[in-house]
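Trainee: With the sequences and hints as input, model every part of the structure.
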Amino acid sequence: MLGFRSEAHVDAWCEETGLERRPSISLEQQWQLGIEWYKNRLTVESRRPGPEEMKAIFTALGLDDPFWDATSDLFGEQ
Amino acid sequence: MNMETLVKLEIYRTTTDTGQVPKLTSVARALGLSRAEVDAACDSLQNKRLLVLDRGSGEIRMAPPFSAIPTPHEVTVGDYRYYANCIWDAFGVAAALGADANIATVCADCGETMLFQVRDGKPVPEPCVIHYAVPAAHWWDDIVYT
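In order, the protein sequence lines correspond to chains A and B.
In terms of my numbering, the numbers along the first sequence are unbroken and rise by one, the last being 103.
In terms of my numbering, the numbers along the second sequence are unbroken and rise by one, the last being 153.
Some hints here could point you the wrong way.
[Unchecked claim] With a Cα cut of at most 20 Å, we get these calculated SDA-like pairs of lysine to any residue:
(1) B/129 x A/57
(2) A/80 x B/50
(3) A/80 x B/145
(4) B/129 x B/153
(5) B/55 x A/36
[To be verified] Distance ranges between label pairs, derived from CB positions:
(6) A/46 x B/20: 40 to 46 Å
(7) A/85 x B/145: 41 to 47 Å
(8) B/83 x A/70: 35 to 41 Å
(9) B/147 x A/46: 20 to 26 Å
Quick caveat, the hints were computed from the structure, so don't treat them as lab data.
For each residue, glycine too, the CB sits at the ideal point set by N, CA and C.
Mentor: This is the structure in structure tokens:
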């Protein structure tokens, strides 16, 4: 994921690199993801959210497109 | 407390106290463990996606949200400067430390510096969007690229 000054900058970057335009999120949504992933990272119990937890976190932030669905990831089953 | 947890906490303690992700020999020395024991714990932490090890050196590349190498994502908290792995992790450093932070990163298009402040548990609004090029299910196919 990369930060941009505006959506217009994302468009320019996609055109320049030839990469597909994919979803972008707001600063507030990004901050909430930072909180969810890392608020307990320095503690004994810390762990990374699994795919189902990720789905719930993204959905709560309005990110319910299949792009955000990590449940096909094998994390937790390896 | 098991060895894996001890290693994890020592890595994060050193990182937060110094601003630098430690070398594994230092972790072993601090805990009175062998290097092999620390390597085994780090392998397990990597399997849980709590660390990313450098494939060449075997040292820590990422102790998310912290980066062991300089990046364009700098986070200043008090007297310390930390490097984050990406813009997500830059805000993650502030979240992990639960502290006010100043974040400097760059627009991936124009290269202009973007400055953010985290104050009282939330970012001060600034013009910014974060673009995701890789679907969530594939982030860990190549986490360094992601």
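Trainee: Just pull the numbers of the violated hints for me, sorted ascending.
Mentor: 2, 4, 5, 7, 8
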